[in-house]
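J.: Sequence:
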Amino acid sequence: MKQQHRHQRATLLGHCGAATARRIGLSSTNRNAAARDAQRQAEIEQELLLARDIQQGLLLEAVPRLLGYEISAVCLPARDLGGDLYDFLALGGGQHAIMIGDVSGKGLPAALRMAVARTVFRHEARRGLLPSTTLAAVNQTVLTDIPQGMVTMLYTTLDLDSGVLRMANAGHNFPIIINGAVSEVELTGLPLGVDSECSYREMVHTLHHGDTVFFFTDGVVEALNPAGAMFGDDRLQALLGACAAMKPRAMVARLVHELRQWGCGTQADDITLVVLRRRCAALGDELHLAVVDVLGAERAGWLWAELELSTCTTTAAWTAQLPEITQCVQAHFGRGLARELQGQLRAVAEEYR
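Residue numbering for the sequence shown follows our numbering, beginning at 5 and increasing consecutively.
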């Protein structure tokens, strides 16, 4: 009996040992699989970060310096990668191309479609045809090269000498002109990739000295607050009216701040802003704006009166006054603001030589 019991016990222990070994082996396999998954996830995240840096680099690289104009642009993707795009392209003959678009979807698929759309746009725009003709050609390629992908795109050409903007719109948000008033350029058209027979019409607007044109994607007006309310067109236009005297860089910063405040730090869609401003005709007016941009309106008014800057009417007079302006600002407002203002004033004066 005892011998039989010992045999049964040994058999049971053997089974338990085998089961334990299997569990240990399975646990080890699971740990190895989990480690591989974690490593792969880390690699994917690293690749996405690299792709994001490349994408943002392409956008930043696209922003040009145009004599007589100021430009500021920002693209804030809702995820690591976004489907919004903008581009600038020199066309020759004093013409410059400005494009803003929004590709359907989010994340990596949208980013890939965005890259294709940007490449196609650049190829067609370089042919130097009218915006309406260019969008029609881009539409044909989008239909074949971006299957199941819709793209909105607003294409504008700028004549640098005259300030004439020639626009065609493929389903994108209307651009907004800020020139004392705030008004939309109501120009409609079907998005790219919807209809192979689609044609586009054009509108022409002249950007006068001191005027600003604002381009944006739908992530701006469709931004949601915690209660589910959209930022909306009316709120955007009111904000642009309040920012009308700002230079593009300050305007973009203010808009981004207001949108983040509205969404309480959350963002459901990509947000892109492009601001183009034509400089004032008079050097003094442009320099005054630069002072306001750095110091604020109240301090700028004080500086103008203190140094009697209204008497400066030529580039030479302003250049001669720069050391005194810098010393005065440094004495009253600090070295950092003095250096920033000095750099801005020199850059502006250089354009008016």
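Hint data in this document are derived by calculation from the structure and do not stem from the laboratory. Only a predicted model underlies this, so the values are computations on that prediction, with no experimental measurement involved. By construction, the Cβ of each residue, glycine as well, lies at the ideal position given by its N, Cα and C atoms. A portion of the hints provided could be inaccurate.
[As the list claims (entries may be wrong)] Now the in silico label distances, taken between C-beta atoms and shown as ranges:
| no. | residue 1 | residue 2 | range |
| --- | --- | --- | --- |
| 1 | C332 | G232 | 25 to 33 Å |
| 2 | E226 | D149 | 47 to 55 Å |
| 3 | T315 | D237 | 18 to 26 Å |
| 4 | L71 | G305 | 23 to 31 Å |
| 5 | D165 | G347 | 25 to 33 Å |
[Said to hold, decoys possible] Under the rule of at most 25 Å between Cα atoms (straight-line distance), these lysine to aspartate or glutamate pairs were calculated in the DMTMM-like manner:
| no. | residue 1 | residue 2 |
| --- | --- | --- |
| 6 | K110 | D237 |
| 7 | K110 | D273 |
| 8 | K110 | E206 |
| 9 | K110 | D199 |
| 10 | K110 | E290 |
| 11 | K110 | D149 |
| 12 | K110 | E226 |
J.: Each hint needs a verdict: does it hold in this structure or not?
T.: Evaluation of the provided hints:
no.: 1; hint: C332 with G232: 25 to 33 Å; result: violated, 50 Å
no.: 2; hint: E226 with D149: 47 to 55 Å; result: violated, 27 Å
no.: 3; hint: T315 with D237: 18 to 26 Å; result: violated, 44 Å
no.: 4; hint: L71 with G305: 23 to 31 Å; result: holds, 29 Å
no.: 5; hint: D165 with G347: 25 to 33 Å; result: holds, 27 Å
no.: 6; hint: K110 with D237; result: holds, 23 Å
no.: 7; hint: K110 with D273; result: holds, 8 Å
no.: 8; hint: K110 with E206; result: violated, 30 Å
no.: 9; hint: K110 with D199; result: holds, 23 Å
no.: 10; hint: K110 with E290; result: violated, 40 Å
no.: 11; hint: K110 with D149; result: holds, 18 Å
no.: 12; hint: K110 with E226; result: holds, 15 Å
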